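One letter stands for each residue in the lines below.
2 protein chains.
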Amino acid sequence: MGLNSNEMTKENSDIHIGPVFKFGGTSMGSIERIEHVADLCLRLKPSAIVVSAMAGETNRLVNLAKEISTNIDVPEYDMLVASGEQVSVSLLSLALRKRGIEPAPMLAPKAGILTDSHFSRASILKVNGESIRVAIQKGQLPVIAGFQGVTEDGYLTSLGRGGSDTSAVAITSGIGSKECVIYTDVDGVFTTDPRICPEARIIRKINYEEMLEMASQGSKVLHIRSVQLAAKWGIKLVVKNTFSQDEGTEMIMMDSTLEGEIVSGIASSQSESWIIAGPSQDPKFNLANVFSILAEKNINVDIINQMVNSKGNIFNFTVAQSDSELSLKILKNHFSNIELSANNDVAKISIVGVGMRTHAGVAARMFRCLAENNIEVLLVTTSEIKIGCLIPRNLVNSAVQVLHKEFVSLGL
Amino acid sequence: MGLNSNEMTKENSDIHIGPVFKFGGTSMGSIERIEHVADLCLRLKPSAIVVSAMAGETNRLVNLAKEISTNIDVPEYDMLVASGEQVSVSLLSLALRKRGIEPAPMLAPKAGILTDSHFSRASILKVNGESIRVAIQKGQLPVIAGFQGVTEDGYLTSLGRGGSDTSAVAITSGIGSKECVIYTDVDGVFTTDPRICPEARIIRKINYEEMLEMASQGSKVLHIRSVQLAAKWGIKLVVKNTFSQDEGTEMIMMDSTLEGEIVSGIASSQSESWIIAGPSQDPKFNLANVFSILAEKNINVDIINQMVNSKGNIFNFTVAQSDSELSLKILKNHFSNIELSANNDVAKISIVGVGMRTHAGVAARMFRCLAENNIEVLLVTTSEIKIGCLIPRNLVNSAVQVLHKEFVSLGL
Chain A
1 MGLNSNEMTK ENSDIHIGPV FKFGGTSMGS IERIEHVADL CLRLKPSAIV VSAMAGETNR
61 LVNLAKEIST NIDVPEYDML VASGEQVSVS LLSLALRKRG IEPAPMLAPK AGILTDSHFS
121 RASILKVNGE SIRVAIQKGQ LPVIAGFQGV TEDGYLTSLG RGGSDTSAVA ITSGIGSKEC
181 VIYTDVDGVF TTDPRICPEA RIIRKINYEE MLEMASQGSK VLHIRSVQLA AKWGIKLVVK
241 NTFSQDEGTE MIMMDSTLEG EIVSGIASSQ SESWIIAGPS QDPKFNLANV FSILAEKNIN
301 VDIINQMVNS KGNIFNFTVA QSDSELSLKI LKNHFSNIEL SANNDVAKIS IVGVGMRTHA
361 GVAARMFRCL AENNIEVLLV TTSEIKIGCL IPRNLVNSAV QVLHKEFVSL GL
Chain B
1 MGLNSNEMTK ENSDIHIGPV FKFGGTSMGS IERIEHVADL CLRLKPSAIV VSAMAGETNR
61 LVNLAKEIST NIDVPEYDML VASGEQVSVS LLSLALRKRG IEPAPMLAPK AGILTDSHFS
121 RASILKVNGE SIRVAIQKGQ LPVIAGFQGV TEDGYLTSLG RGGSDTSAVA ITSGIGSKEC
181 VIYTDVDGVF TTDPRICPEA RIIRKINYEE MLEMASQGSK VLHIRSVQLA AKWGIKLVVK
241 NTFSQDEGTE MIMMDSTLEG EIVSGIASSQ SESWIIAGPS QDPKFNLANV FSILAEKNIN
301 VDIINQMVNS KGNIFNFTVA QSDSELSLKI LKNHFSNIEL SANNDVAKIS IVGVGMRTHA
361 GVAARMFRCL AENNIEVLLV TTSEIKIGCL IPRNLVNSAV QVLHKEFVSL GL
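Note that the protein sequences, when read in sequence, are chains A and B. If you use the UniProt record's numbering, the first sequence corresponds to residues 1 to 412, in order. If you use the UniProt record's numbering, the second sequence corresponds to residues 1 to 412, in order.
It should be emphasised that the hints constitute simulated quantities derived from the structure, not laboratory data. None of these values were measured; they are calculated from a predicted model.
From chain B, some residues computed to sit far from chain A (all C-beta separations above 10 Å):
1. G56
2. R365
3. N397
Interface residues of chain B toward chain A, partial, derived using beta-carbon atoms under 10 Å:
4. E67
5. L80
6. L92
7. M106
8. L107
9. K110
10. D153
11. Y155
Ideal placement from N, C-alpha and C gives every residue a C-beta, glycine not left out.
Extracted from the complex, chain A is given alone in its bound form (with noise of 0.2 Å):
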């Protein structure tokens, strides 16, 4: 009893995870890229990496998927996708054992990674990370397929929103791990987009709060979800570029920094339609009537803004424009005599700093700045971290470069 329980603790405690390697499918997109990668652990040891599909290679398998079917909320869907990955897990084993070193190919089964049964679009329900930490205590190196998982009877899903981030992000906490870098093929998160804005630079260390802003303002180098769950179980989140030696973007928790940079970063998203909706003389037509019905339809709301005038309530609000038609014929079917319209041609602007909750006066110097600049300002939304504008869609590039003139490449 003695001797089992303390070969139990060495067992649990002379193992040890170090970080665990995400690789995105720009960084499998070839046999050439493959062998790079696998240089690249042979030199910066892993404990664990989570593969994506060769560039191409999912859009390959939805097209087969699409000549015979659009049926996608099926077994054999995400059975299809799942070789995607597949694939990958193989070849980058391949690459390892010629280097000497061990790899444990794992899919989703092997790996533990369990999800619900909502085909094409699974979440993850729980990492046992058992398998894949028997195969670091052997000395193997786990290379685990990402985007997937199992249902408890057995059959592969693929993951919905967040993807292999999230993969890879679940998979870390799941060996108890504390660290997650995902590989990609650019440098970091930057300031604004570097294609709009050529001042923008690499922030270095960015609070998952500001992280989360970012992202879902649109600067897309993390699936939310993924920061979301780091933030949540703490581990320290990298983003790195894989063709590179940049050291790329850490994410912090907020308490880890005493005082942050005003703005961190500005972004910017062009998927959003402006729809105005009312006046209405329907007694119903209120906030909480408006709302609630878009929201039982699954349609997000975004920015909202209320006005009352002589013939009732007005609503300003954005949704994304794939759910703008949706929103008018329901909008349309609940009230009487409503006045409707819908305009895509906007864009949000976002100014994203932790420094804000302690800096007054940041919004009138943003509105301020976009005013001398001749950039209407139609609607406008704030968090404690974040002050969004809604602006016409051709101002979007040259509000992103006095912006960032005026927050960043300062360094205020």
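Since the structure of chain A is provided, determine the placement of chain B on it from the hints.
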């Protein structure tokens, strides 16, 4: 207790298991063909389906692997290759669902196909047909990946000799079905190779033993291992063409026919190497020693002929051309002063038929027929239902033609 017992009996007896269909790579070769296979299954209602990878897909995957490493005896190689069948299972399942059939897509772990862990050439240890039977009971149509299995500790394997025909027969047995239909791209088993002999016709019923002799001699319709297993387990094996209405070839048990054709078919093979070893003065150079040292290296020897002259023993035998060089090397290392030669310009031609056992003079007639056509016989081998001759390679086509005319076309 009584109720439970009743329920179990009901559960076990209620389920009727019809035939298992297996579709090869050509049958799954395109989306159009997969749709055709789905139509065929809708019409003929098999109880389960086993599929190969789309034609060309396995080669594509193997070539990807080769770009990295030639190491194939590793789990990642089998995981890679297995993705080919995974795609086929998924696509056929989508096509079936579109036709109102609910598929149960299954890879080896779910289907319960257990193998040893000889990666890239695993052998099936057991098919636990429970999941497949449960799916059938639910009214689903199981679509199962051929050519793969799973080890006890959860690693995917790919099968060695026998491949997905063997999967299909093992699954047929594992779920308690009595019939396995192998769908391929030929109309059945021919009396001889129709490319060599235009008079070749389909054999409608063939004994398992004859089929084994035909298959192992080069009539490559079915993997020999699947025929052996079907015979052993009493499974009716049928070969049909996916793309024609031909009734195909049915394999029957030896005792189910009173008397067969004298000669059912003519098989030929051009992959033999003829080795002449000896004479040697070495006292250890004898029949037992020579063939046990070759067997130790897993070299299969086919025809064997021993002669003695004044200088010692001389052995004439054939091996696969791929084993020829290795055979010479082994013999050279083991025996002193040995004379050795290998000749690949040979072919083996065999006549096969259960009727031979009861008809004397078949061999003599074969030799006379060959002699009359100036075809030299280099070596001879015989079994109860087969006579095989090694002949010069350039004469193989005319040998097939004259023997087919002599024994098969006349229906004697």
